[in-house]
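Protein chains: 2
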Amino acid sequence: MINITFPDGNVRQYDAGVTGMDIAKSLSNSLAKKVLSVSVNDEVWDSMRPINEDAAIKLFTWNDEEGKNTFWHSSAHLLAEALQNLYPGVKFTIGPAIEQGFYYDIDLPEGKSISAGDFPKIEKKMLELAKRKVTFDRQDISKADALAHYQNVGNEYKQELIDGLEDGDITFYTQGDFVDLCKGPHLPHSALVKSVKLTNVAGAYWRGDETRPQLTRIYGISFPKAALLEEYNNFVKEAKERDHRKLGQQLELFAFSDRVGAGLPLWLPKGTKLRNILQDFLMEEQRKQGYQMVMTPHLGKKELYETSGHYAKYGKDSFQPINTPKEGEEYLLKPMNCPHHCEIYKCFPLSYRDLPLRLAEFGTVYRYEQSGELNGLLRVRGFTQDDAHLFCMPDQLKDEFKAVIDLVILVFTKLGFTDFKAQISLRDPDNPGKYIGSDENWEKAERAIMEASEEKGLPTFIEYGEAAFYGPKLDFMVKDALGRSWQLGTIQVDYSLPERFKLEYIGADNQKHRPVMIHRAPFGSFERFVAVLIENCKGNFPLWLAPEQVKVLPISDKFMDYANSVKTQLETAGYRVSVDGRAEKIGRKIRDASMQKIPFQLIVGEKEAESQQVSIRRHGEGDRGSVPMSGLLEQLEAEMDGVVTA
Amino acid sequence: MINITFPDGNVRQYDAGVTGMDIAKSLSNSLAKKVLSVSVNDEVWDSMRPINEDAAIKLFTWNDEEGKNTFWHSSAHLLAEALQNLYPGVKFTIGPAIEQGFYYDIDLPEGKSISAGDFPKIEKKMLELAKRKVTFDRQDISKADALAHYQNVGNEYKQELIDGLEDGDITFYTQGDFVDLCKGPHLPHSALVKSVKLTNVAGAYWRGDETRPQLTRIYGISFPKAALLEEYNNFVKEAKERDHRKLGQQLELFAFSDRVGAGLPLWLPKGTKLRNILQDFLMEEQRKQGYQMVMTPHLGKKELYETSGHYAKYGKDSFQPINTPKEGEEYLLKPMNCPHHCEIYKCFPLSYRDLPLRLAEFGTVYRYEQSGELNGLLRVRGFTQDDAHLFCMPDQLKDEFKAVIDLVILVFTKLGFTDFKAQISLRDPDNPGKYIGSDENWEKAERAIMEASEEKGLPTFIEYGEAAFYGPKLDFMVKDALGRSWQLGTIQVDYSLPERFKLEYIGADNQKHRPVMIHRAPFGSFERFVAVLIENCKGNFPLWLAPEQVKVLPISDKFMDYANSVKTQLETAGYRVSVDGRAEKIGRKIRDASMQKIPFQLIVGEKEAESQQVSIRRHGEGDRGSVPMSGLLEQLEAEMDGVVTA
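Taken in order, these protein sequences are the chains called A and B. Numbered as in this note's numbering, the first sequence ends at 646 without a single skipped number. Numbered as in this note's numbering, the second sequence ends at 646 without a single skipped number.
A hint or two may mislead.
Heads up, the list lumps identical chains together, so a pair's fine if it works in one copy or across two of them.
[Stated by the list, open to error] Using 16 Å as the maximum straight-line C-alpha spacing, the simulated EDC-like pairs for lysine to aspartate or glutamate come out as follows:
hint : residue 1 : residue 2
1    : Lys-183   : Glu-329
2    : Lys-25    : Asp-15
3    : Lys-316   : Glu-327
4    : Lys-302   : Glu-329
5    : Lys-456   : Asp-557
6    : Lys-91    : Glu-252
7    : Lys-558   : Asp-395
8    : Lys-346   : Asp-258
9    : Lys-538   : Glu-241
Think of the hints as simulated: they come from the structure by calculation, not from any bench.
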């Protein structure tokens, strides 16, 4: 008999050789039907694999990431089997599960190719294979036999993969006639896969190396119920409509130019307005919390980053040094603002009375990313952090942390993100040597973060070993309107930079002390935040944030004077407003204003001009009828404090 | 007889061989005594040099730049003669007049050196030589004879200079025993030099090349009256007190760090506040004029600057390209914002109805300068332009120009610069081939600038040949409180970039047309403008601009509560205010607040707390007595519209 420990701590005894599936059945038959895989001492296994020793287990279903992962990995094998049927001679390389589905990279026989037009027949074949209800059988195999198999089959890719594996660690999986080098795990049987959709076909280099053969990558997704595919299709459609790259263009917020360079956004007038409003909002809140703004250059001597340690860690993979034409100097594009802020700290003789010193900057930084990794504003090569560095005494950490949490929550709430939680990243208790700073300070900082989060009622979860080497941190994740998670703001404690820059203050004891530093950015970066904001609110910004709040649409040229007088009145009241003075029909004007998602569209014609009223169309809602200016101003004012209207 | 034309257009006849001095005497003896040199057909000559043909002349005195230049150049020769007396064997290289005085670069005999301690004896010797009242005699000399002379003397520097000259163009000047290779001109006689002050001694490389011998450069200044030296000494003292580098540190506005890099300013909290207020002020004025803000990255692909033409022209002497670690891309730090704005222009399909398009950016650019040329905020390697590019139809040029002139005048007036004029830079009529764009467009643009300036009543002067190759321009010069001239704002017409970037708009005729572009920056750059502003107002910023407007100085801890309540009331009213809560005596608090040039210093003690008043000290003025809060707010409000109080 062996002892099986369940996640809730309960322990039950089973015969050695029991499988995850057996255990599930012993608990409930309906549960067993849903089990996709099982973790045994934190390693994910096939649910059909025998457990021979005492173990802690966890059963995974479709509701778990691990369960989905197993489902999609088995689906990749079904895809491979289908391709082997339809394209004899195809060579397989790797076929993993990914965040949403799976792919398989294949080398097609000479002269063959696959396009989206081929997807239906492949999907049909996959479902046909799934329906056989075959098992995925795991088989230990020696390195020699594994190599012999793929020499026989004529697959140099798998041979290369096997070359890199340890003898004794190699397994094959077989479903029906299809055998694959694979470490698993897999589903209990193939018939769990009820619906399949191939989503894309693309080129991919073998091992990501552009000097090696180009393969065909086929992406797909699969589900245990047909209804889930429909749900997924709706999600994809909705995500497409919310895509910040599409909306960014439609709303004229930002653009990219090949001549300026990939990943370097140009903020167009409306996007700049949006960003400036966000900046002003944050600047004012930061002012209330005692922050002081600074401005620093976008480059620094290589020596600066040698001092900070960034050069040793990232130099090789960054934008390369800038040389001067004379004098032999070397500069680097600024990848972060902290070294500059440390230099500012050193400009002042500081005492304990001057701390905390809170230096904030909307600091634009540049980090190299491979062009294939770039993605609209979400992943760029140049971005502006809403950065600040708080230099304080160790005893001030908790209060500073609490104030920053307040600020982050204020920002999220004001911008319509109500569903968020924070990850507390602490030291790895098994690996204390990799961290800088005294145990006492670490304990103080970790306790400060946990207490601050608790006192603020912040929903959190702890991850051990996720702290930076220089200090613990708190990362904020928000859920958007489609349920997707995004990592946005961050708060980090840092003992390293004050040490490296030899920062000091004179304590009440008249001795020199080293301050602690907090890095924090509620938005993270304006680029990333605006991208997530656009996708969350679908471009329907709250009124206070809309780059253009009101558009006056005169029915014809005759009412231009009245339209302009409405505009002037609104401008005087502080609103951002324009008049559509084009010689277009009113229907076209409304359509265009709606495309631009202008919150208030005011139609003015004869009736309105005579009665000195405006006919209000609230975008996303419809007609609100005619009101005098005072009524319009009331409606506007009532919305100015509002958050995102999704 | 020859015809001599005077600046007023009058023509008089003189015998051939007449000198400038003869002509001066023919007009007035008192004028003749003041004449230092004369221009003959726009070339500055000795006043004693015979004029043999018809010529246009202009007589120069101490009141003219040219006159001062001659005075100081002759003084450099007197310095050389004095050094020849005192340091036998010294070798002379070059000794020009400069903006304020003159210098001579010399190679001292082995083992000799000169320090400031030696100045008195050199000055004494110079005055002694001046008093001889010797003339500076011009002598044409053949290249061979000139070389022979300096071979004989053993001066390799002068030989090298002569090597670079054309035979027939070489002259020597002799005063007393001192002979120098020199193209002149010089004073009528040495006794005009009545007072002399040597100001500095420094190292300088021969021909500015650090691989060549290091010479000793001695700086000096001289005057035709002793009283002028005193005036100059006062000016130097005052300039030193106004030095923006000194005040920038004292007022904690900006700093430099060796680790960040030379010429890369760090804007400290108060400087950032100042700059943000300036930005907000300009942004609001620009908004009223229909500008739209944009933001662009601080780098661009090399290709972008190849397109703009900047790379071919400046690439070699700029910060060198930034390489990516992979992908082989080359980027450049942005030296100007225009190429980026052209790319933004191309993001929109524009028609004549959309023009002018006015794109503004506070754009930080980076330009390499040799470290020896850097000077506080006046000459830096990274600076932020208050840049904008106006894209318009040729017919809109004049109106746009007028609006920009309005804006520049508004900026200058608001910042306390009341004495300014503008240089209109037009084509060189003798060299039409060096300009891009049609004659018709150039004429239109030049006329637009001149008419716009005239209609706006702008004091201007025209310089032919000073236009950029891409268009005419208008440069603003301001005079500061010490009478020094600074070039600040600029407005430039550009036909080249719209051509190079193939910018287009659809005209009313439904055809494609090319817009004209105006570059403009009222401040020029924030760095340079703030430097000049500090020196002009001596750090006494107008109230609306002061980073810290009010400081509350409690007489002791007992009055902290009242001090804080005063602070809160002022903050609520929108003022920037802090409390000096240190345990210092009130005298020290006042002294420190005065060092920081805080406009309003409020002393609060028992009497004030009881009567709910504040005792006002207006910096630069003194005590204003006690008033209730309402009285303080009135005084503050009354000053908020004011300009600089120098």
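>> Tell me the hint numbers this structure goes against, listed in increasing order.
In response: 1, 5, 6 and 7
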